[in-house]
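**Q** One-letter residues, chain by chain:
There are 2 protein chains.
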Amino acid sequence: MSDDFAAGCAFVEGAYVPLARAGVPVMDYGFLRSDATYDVVHVWDGAFFRLDDHLDRFERNVSALRMRSPHTHEEMRAILIACVAKSGLRDAYVEMILTRGVLPLGTRDPRRAINRFTAFAVPFVSYASAKQKSSGFHVMIARTVERIAPEAVDPTVKNYHWADLTKGLFEAYDQGADTVILTDGKGAVVEGPGFNVFCIKNGAVATPDRGGLDGITRRTALEIAAELGIHTQEERVSVERFLNADEAFLTSTAGGILPITRVDERVLGNGAPGPVTLRLMEAYAAWHREGRYATPVPYA
Amino acid sequence: MSDDFAAGCAFVEGAYVPLARAGVPVMDYGFLRSDATYDVVHVWDGAFFRLDDHLDRFERNVSALRMRSPHTHEEMRAILIACVAKSGLRDAYVEMILTRGVLPLGTRDPRRAINRFTAFAVPFVSYASAKQKSSGFHVMIARTVERIAPEAVDPTVKNYHWADLTKGLFEAYDQGADTVILTDGKGAVVEGPGFNVFCIKNGAVATPDRGGLDGITRRTALEIAAELGIHTQEERVSVERFLNADEAFLTSTAGGILPITRVDERVLGNGAPGPVTLRLMEAYAAWHREGRYATPVPYA
Numbered sequence: 132m133s134d135d136f137a138a139g140c141a142f143v144e145g146a147y148v149p150l151a152r153a154g155v156p157v158m159d160y161g162f163l164r165s166d167a168t169y170d171v172v173h174v175w176d177g178a179f180f181r182l183d184d185h186l187d188r189f190e191r192n193v194s195a196l197r198m199r200s201p202h203t204h205e206e207m208r209a210i211l212i213a214c215v216a217k218s219g220l221r222d223a224y225v226e227m228i229l230t231r232g233v234l235p236l237g238t239r240d241p242r243r244a245i246n247r248f249t250a251f252a253v254p255f256v257s258y259a260s261a262k263q264k265s266s267g268f269h270v271m272i273a274r275t276v277e278r279i280a281p282e283a284v285d286p287t288v289k290n291y292h293w294a295d296l297t298k299g300l301f302e303a304y305d306q307g308a309d310t311v312i313l314t315d316g317k318g319a320v321v322e323g324p325g326f327n328v329f330c331i332k333n334g335a336v337a338t339p340d341r342g343g344l345d346g347i348t349r350r351t352a353l354e355i356a357a358e359l360g361i362h363t364q365e366e367r368v369s370v371e372r373f374l375n376a377d378e379a380f381l382t383s384t385a386g387g388i389l390p391i392t393r394v395d396e397r398v399l400g401n402g403a404p405g406p407v408t409l410r411l412m413e414a415y416a417a418w419h420r421e422g423r424y425a426t427p428v429p430y431a
Numbered sequence: 132m133s134d135d136f137a138a139g140c141a142f143v144e145g146a147y148v149p150l151a152r153a154g155v156p157v158m159d160y161g162f163l164r165s166d167a168t169y170d171v172v173h174v175w176d177g178a179f180f181r182l183d184d185h186l187d188r189f190e191r192n193v194s195a196l197r198m199r200s201p202h203t204h205e206e207m208r209a210i211l212i213a214c215v216a217k218s219g220l221r222d223a224y225v226e227m228i229l230t231r232g233v234l235p236l237g238t239r240d241p242r243r244a245i246n247r248f249t250a251f252a253v254p255f256v257s258y259a260s261a262k263q264k265s266s267g268f269h270v271m272i273a274r275t276v277e278r279i280a281p282e283a284v285d286p287t288v289k290n291y292h293w294a295d296l297t298k299g300l301f302e303a304y305d306q307g308a309d310t311v312i313l314t315d316g317k318g319a320v321v322e323g324p325g326f327n328v329f330c331i332k333n334g335a336v337a338t339p340d341r342g343g344l345d346g347i348t349r350r351t352a353l354e355i356a357a358e359l360g361i362h363t364q365e366e367r368v369s370v371e372r373f374l375n376a377d378e379a380f381l382t383s384t385a386g387g388i389l390p391i392t393r394v395d396e397r398v399l400g401n402g403a404p405g406p407v408t409l410r411l412m413e414a415y416a417a418w419h420r421e422g423r424y425a426t427p428v429p430y431a
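For the record, the sequence lines run as chains A and B. Here the first sequence stands for residues 132 to 431, where the numbers follow my numbering. Here the second sequence stands for residues 132 to 431, where the numbers follow my numbering.
Warning: the hint list may mix true and false statements.
[What the hints assert, rightly or not] To give an idea of the interface, some chain B residues facing chain A are shown, with a C-beta separation under 8 Å as derived from the structure:
#, residue
1, Val157
2, Met158
3, Gly237
4, Ala280
5, Ala283
6, Thr287
7, Thr426
8, Tyr430
[What the hints assert, rightly or not] From chain A, some residues computed to sit far from chain B (all C-beta separations above 10 Å):
#, residue
9, Ala151
10, Ala153
11, Ala178
12, Thr238
13, Ser266
14, Val276
15, Glu277
16, Leu296
17, Leu300
18, Glu371
19, Tyr424
20, Pro427
For the record, the hints were derived by calculation from the structure and aren't laboratory data. C-beta: ideal position from N, C-alpha, C; glycine also.
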């Protein structure tokens, strides 16, 4: 473990380098066409959570874009683990990326590019501040921008097409909100920048079934709910229904399960994280403590 | 002029470097969120075409994304010219990019990034092969993917959100077509990967007014048509109308005005570039020969 790597360790073109030195070629279509897919796993207290689920999803998405990783599943797994081990980070955010790559001069045919695998581990930065985690997020429902439709870009193939989410985020900041939830433009909530959303009414949990990422933390929340005997439904969730929920929460690899306590000007419940949300959060933390889905990092 | 630069010259972090060495930091949100805007100018026979129009559009788009270039208009202009001069290229494709930049560790707030200007000149690679230029393009109308809607991402702010266009392109290749045109999902044609589209019926030219880039070559084609007394209309263009056109063409900075002679299985006119298209192509070449809108490059 080198101090150089403590601020982040990247794997670029077959070598481990300090993150500050890691780059993508300007000519890589992964940059110039955002022609790329990625995945993010978290490491908490020295262990990956659901590493193979993230790798499996990543490999499915690579195929969906008709790309091919230069590395096998096992090799990528070893690279991700090595990035964390070299960094020495006990809590990390670990990202794997496949970009289309650089095209040979004289062609514009993406089939002729050699796809490029990049990975990095950085210190874990929670999606939530301590205050947001304890008191809940104030979210805004975006009114001037809608989420890119699945008919244009498949949101289940994790991608960097975030201009809509970024625009919404700026508008949320303008309004004094913490973050934003985008709709499908037809009255249903979809997702926010980096998270799935859930709402709860009379103890039953609902989350949109369409238009957003098939998040692994989302999946974990549904599994936890099932184990706790809480009823869940994946279905269309209207803005109206979200605004009138008893409770709401968001899920993200970068923060786990996090309470939402205010939507636009509407305060949910008594303004504190609700009882179902708290049960799910507690179970999510417990699953980590118990080592469920854990892959320990072999630090040097 | 150095041989190192003949394959392309980039301006990165204040220095001119051979293109092969030019990179974007992996952590730049311009990559990780495709949070960037760009513009492309061409140099033909030693002169830029409409350089200031491209710069003006770029600066408008930078503002639209609430970014700020570290360089003034005049500085960016000088950098683009220097990239070409150093490369020695007589025909070049010159790209300027502003990315959101790298965020300070510990935040996810894009307002805290320092935006980053990058530019490069590469040898001009026409959108069209010699055969496509003389015989016309075979385009496919995409059926399984639609263009990202303007309600999600404003297409007039030039951006790298190309997953829909890339998917369409792969499908066009599958069908043996040269390229693809995407629709708005409601029966109207919009644009293709890197080009605007036009169709002609009974001598009158029409091009979509919505959903695509406000292309500078598109604008040039409309200006040329006006000068030649050809009637043009910017309006909704249905797929049906496009399929039944007498002629069609596409416009791109990377190729100028280029004929389309086949749409799906439909051959337009007699299968050769049509007379109106040829007049526009000839005038486009003449405007370049005459030095209209030209900014000569001061090669060393």
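**Q** Which numbered conditions among the earlier hints are violated in the structure presented, ordered from lowest to highest?
**A** 6, 7, 8, 9, 10, 12, 14, 15, 16, 17
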